[in-house]
Structure formats: structure tokens, C-alpha cells
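Engineer: One-letter residues, chain by chain:
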Amino acid sequence: MSEKSPQELIQIDLNPPRKKWMDPSVDFESRRGTWSYPGGVKSIEYMGFANPREWSPTDEDWKLPENWQQIIHDGFKERLGKYRSLRVFMETCVRCGACADKCHFFIGSGDPKNMPVLRSELLRSIYRNDFTLAGKILGAFAGGRKLTLDVLKEWFYYFFQCTECRRCSVYCPYGIDTAEVTMMARELMMLVGVNINWICEPVANCHRTGNHLGIQPHTFKDNIEFLCEELEDDLGITVNPVINKKGAEVLFIIPSADYFADPGTYTFIGYLMLFQQIGLDYTMSAYASEGGNFGLFTSHDTIKKLNYKIYHEAKRLGVKWIIGGECGHMWRVMHQYMDTMNGPTDFLEVPRSPITGTVFENARSTKMVHICEFTADLIRNKKIKLDPSRNDKYRVTFHDSCNPSRALGLFEEPRYILKNVCNNFFEMPENTIREHTFCCAGGAGLGNDENMEMRLRGGLPRGNALKHVRDAHDVNLMSCICAIDRATLPPLAEYWAPGVEISGVHELVANALVMDGETERTKNLRGESLKAETEETTDV
Amino acid sequence: MSLNLSRDERTKMVARWFDLIVDGYPAETARFLREQSDPFANPVGAGLREELAPILDWIVDGGDGAAVESALDRIVRIRALQDMSPSQAVSFVLILKDVHEEIAADTTAGAKGKFDSRVDGALLIAFDVFSRCRQQVYDIRVKEVRNRSLKVMERLNSWREERAGGPSTT
Ligand code: SF4
Ligand code: SF4
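If you're matching them up, the sequences are chains D and H in order.
If you're matching positions, the first sequence starts at 14 in the numbering used here and goes up one per residue.
If you're matching positions, the second sequence starts at 0 in the numbering used here and goes up one per residue.
There's no promise every hint is true.
Using 30 Å as the maximum straight-line C-alpha spacing, the simulated BS3-like pairs for lysine-lysine come out as follows [to be verified]:
| hint | chain 1 | residue 1 | chain 2 | residue 2 |
| --- | --- | --- | --- | --- |
| 1 | D | K536 | H | K150 |
| 2 | D | K55 | H | K142 |
| 3 | H | K150 | D | K544 |
| 4 | H | K142 | D | K536 |
| 5 | D | K234 | H | K150 |
| 6 | H | K142 | D | K406 |
| 7 | D | K406 | H | K150 |
Calculated from the structure, these hints are not laboratory results.
Full structure from sequences and hints, please.
Structural biologist: See below:
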């Protein structure tokens, strides 16, 4: 029998209150469900990453290289020289606390080390110790600490508990971006072979076949033809997907989850129906078959390597410009890295919609337009006919995916589209949308099933806002423009706001899209009746 | 038979109860839970703020079991995921006994016994809710693997078989 009094019983042993944040120690065994499995040997070897081996975070010995501290120290030094932003982020924080309560993982878990300021401090304390005079002399008194194995273990735990969503950076008066701090910490851990499989495997697959799932060109084609045949069988609508066509006007880049996993597949079919209807001269590439880039969660070199295929395929196929689908972090890469890493290109033209004549000035440099910009422009110019009543069974809200919103500033286009294709649209509370949006808690490589407990914890703030509109307005569908969201939000909704389904924006566009010569539509893309079941019975 | 607790006593009890629960968290977290009043910025604090009073009312006055279950669900659903043992997750109900002893004017053994046994009732409901939430987490995890891509793959494979007129080899 426990001798504890109820008041003692309730004390949470996260990080006992009297203990300072500087003392590291993570018990991985008792915290299963809140961390991800390490990178598999095959993927690590394939990519030539450091220290391939079998290991588990629960092991006492992580089988690190003998001089691992030196490797990290040198890597840190190199990056401080290379990235001025890192030095600024390490030096500038005044611990004002404005970011402290903005992280979904902190809000959901209550663990203070998930406060962005303390997350950065995990790295900053080593910076102080190794690279500042005060830290070298005064050590802990100046907020420095030595890089011990326990500290490294803590890095692994907490830097793979940051989805690099950048919500915290919105509130920092100095613009410190903890997501970038996490990226650097992950790069440093990569140098000694401390990484997770949900990132390493997609990276290796992507490097080999062009997409996260390792799908080869013939299977890519098969998959797409299969989805199109399903559409034909279900709704009697014929679309002709175009793959690897030389000389097409537009290259279309999508996240692989859109052609391989529900509910992304409906959005994928939505894109194709739209292109078919407007007669766009486009092609997909069976090699650049992935918009996502898990290099973003690995290292800058890997981002560059994986991103290169997009311009490469644009050149090989001889297209004029590029449209990108509803992918999340792909847009962060396109917007913030592609142009300087692999661009600017001299063989593409400034994007101009062949249907409306609109020139996309914002994409003058990258030559890549977001499909929501493209579609919103079609609607604004009345180039497509829409019947929003076909989405009447849905009461819709919109989740701003972290990257398109905070990295790209794409707030209005998806909303404009949704308001044109649905009759019932409701916003979640102001401080949970647009640049304040709450993460799905499964981005940046954390959307694996072994990490489900942490994902659901971090999903609380989004789920809570969703539940609010579900209860206040009977919202039953949350739309979003990110493939990772479409995979990670269904479990989140099931736990925190049951009864709400998840969709992409172009799934709803396609439901409403009136196509030439179509027969009367009675079903939506999911093969369900257009009317809510209760209505149906009263109608008959 | 109903218990006798004035509005004033109840208000004091809820405030004290809230404090004790919040102080179970690390100090930095406790400060946040207490001070951030926006329900969307602080869903954990908001859940406690809004649901503790109806739970106490149910314990004192009895009434609709479904309503108290949903109030408990809002709190337990969160605690079922946080870094706590099952006993910690539901122990917040139990500490109400101490709160009652500290604040209630009627300190007779009869009143105390009655109150405590009603708390035990709430604790049992909380434990049911906890088990349900944990089961849901496991179910979600299992289901996710299947939902993600297996469903499409199964459909795709049978389509391939049909096309090839026999079982697919890829
Ligand atoms: S980037 Fe997002 S996940 Fe990472 S610390 Fe900031 S708010 Fe938390
Ligand atoms: S808001 Fe900026 S300066 Fe303030 S604690 Fe957070 S990172 Fe430091």
C-alpha cells in the first residue's frame, strides 16, 4: 500500500518542482509513447550518415563514437561560423518568457522543458559553456553546462518533441526562432548518429526513388491510374492523368501521401478534376514524385539534395513553370530555401495562368505557385462553375497548417476558396488560427505511431479549439492544406473532438466543381451521399 | 439524503481544490495554469476552472450521472495523457476529501463520512473515464497504421489482381 497522502499522490513527477531545469535525466523506459524509434541501419548507411548501428533510447549505452563530444563541439563551432542567425539566437534571448506558454507541447504536457525558452536553453547552455568566456570560467553560474551523455539524451528527447512549427517565434520580441534552434540541434545529433527512423527512412526513400514511400515510377503510375479508375467507377467522371510529358506548360508537384493515403487521395483526385475541367497543359513527374522534404528535419545539406529534383525535372521535361499542391513543409522549403539552395533558374518563365492571364508576381523568383493561389485566381475570374450546395452536408472549419501560414503567409486564398465551394464555413477562435495557428503535433518527423501519446498531448490546443466550433456550430469537417495534417489530424480529432473528419481544400473544390458534360452528381468524392443521412430520410 | 454545504463554502472549496491540483504540476507550469485565463491558450486550466464546480455540486447534491461524467471526462482525458501514473491521474478527485475537511463548517463525523463516500463515487467514475481514454489511445494507434496507407494499398492490390487476371506479384 502506498503511504502517500492524497496531496503527495497528486504531485507529478515530471520534473520534480524543486529540481532545476539544468539537471538532465530522462527515463525513456517509463515514457514509451512519447519518443520515436531511432534511424534504421539501412537508411543511415544508404545516405552515408554518421554512425549506423542498432540502438535504442532505452539502452544505457547509445554506442556513440568515442570522441562524440568533440564531434558535436566542432560541428557547433562550424555552424556558428556559417549561420549568423544561430549565433544571434544563442546570444540574444533575454528570457522574457513571451514564448514560454506558446508551444502546444507545453500546453498539452505541462512539462516546463517544452517551453520554447527552455528548449533552446538545452542548446544554449552548451553554447555558453563551450563558446563564451563567462561560461568557460563560471560554468553553471553563467548558465553553462557540459555536454554529458545525459544532456545528449535530453536533447534527443526534447528536440524530437518540437515540430518546428514556429508558433513561439511569432511572439518573441527578438524574432528568435526556436524551430531553427531545433534544426541545429538535430543537425548536431546527426553528426554522432542520434536520429529517428521516421525521418531517416523517408529521406533515404526520397533520395532513391523521389518520394518518401519509396514508390518506383511504374508503381507511381499504377497508383494514379487506379485512383482515376475508382473515380470513374464511383462518380462516372473521367480524368486523364499526365505523367512525364515533355513540353507541358506546367510541372505539378505533390506530396506522396496525396496519392497513397486516405483522405489525401480525395484531394489528389480533386486536383486532377480541376486540371481536366480547365484543360491545363500540365504534367506530373514520376521522379519528382514528392513535394515533402524531410531534409528539413535532418540537415541543410539534405534539404538541398532532396529539393534539387524539382528544378531538375522541370528542366528535363521542359516546362515553363511549376504548381505545387497542398503540402505543408514543402512550402517552407520552396519559400525559404529553394531559391538560394538550387535556384534561381534561368530556364523557367514567370508563372502566368494560361486560363486567366494573371501573372504570379510573388513567384517571380522561384517560379512556383501554390495551388490555392492558382485556384483562388480561377474563382475570382469566374473561370470555373461551382455548386457549393454539393458540400452542404459539411459544416467546415479551416486549420492553418503551420508552414503555409507562418512560413508562407498563405492565409486568405484557402479561405476564399472554401467560402466559394461551401455554404457553411466557421472559423476557430482568433488566437488559434492564421499565424497563431496550433500545430497538429505530428510534423517535423514526429507523426509516427510510436509517438502517439506525445502527438495527442501536443494536439490538445488544436483539438480544444476544434471541439469549440464543433459544439458551437456543429462543425463536422476540418479542412487543411498539408499532407502531414491530413495524416495526423484524424487521430487528433478522434481523441479531442470526435465526430469531425479531415479533408484537403481541393477535395471540396472538386465536390463543388461543375464539369462539362457531367451527369447529375449524387455522391461526393468519398462515395458518400451528398446529403446528410438524416436529411435524406426526411427528404424521401 | 443531501449534504449541507453553503454556496460560500462551495466557492471556497473549488478555489482551494483548483490550487491543490495546479500545484501538483511543476512550479512554472502551475503559474501558467493559474494566470493564463484565455481558454484556448490554456485548455488545461480552463477545463479545471469550468468543470470543478459542477463536479463538486454533483458530489454534494447528487443528480445527473451523465453530466458529471462529461465534466470528469474533460479533466481526466487530459491527465490520461500527461506524464502521470493512473493513480495520479485520478487522485485529484480524492484530494477533495482534504479540502472538505479544511473548509466545511459542519465537521461532524456523519457529514464527513457522507461527503467522503460521495467522493469515492466520483472517483470510481473518474477511473472508468480514465480506462476508456487509455483504451482509446491504444485503439487510435492501431487504427492509424491501417488507415494511413494500408486501406489504399489493399484496394490497389485487388485492382492490380483484377487487371492482371491473377494475383499480383508486386
Ligand atoms: S517551434 Fe513549435 S514545437 Fe518547437 S518550441 Fe516552438 S512552438 Fe514548440
Ligand atoms: S520570447 Fe524570445 S527573448 Fe523572450 S524568452 Fe522567448 S526566445 Fe527568449
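Engineer: All the hints need checking, so say for each whether the structure fits it.
Structural biologist: Structure-based check of each hint:
1. K536/D <-> K150/H: Distance ~20 Å between K536/D and K150/H Cα, so the pair holds.
2. K55/D <-> K142/H: It holds: about 27 Å lies between the C-alpha atoms, which stays within 30 Å.
3. K150/H <-> K544/D: Since the Cα atoms of K150/H and K544/D sit roughly 25 Å apart, the hinted pair holds (cutoff 30 Å).
4. K142/H <-> K536/D: holds (26 Å)
5. K234/D <-> K150/H: Holds, at about 18 Å.
6. K142/H <-> K406/D: With Cα atoms ~25 Å apart, K142/H and K406/D stay inside 30 Å; holds.
7. K406/D <-> K150/H: OK: K406/D and K150/H at ~24 Å, within 30 Å.
The structure fails none of the hints (numbered hints given earlier).
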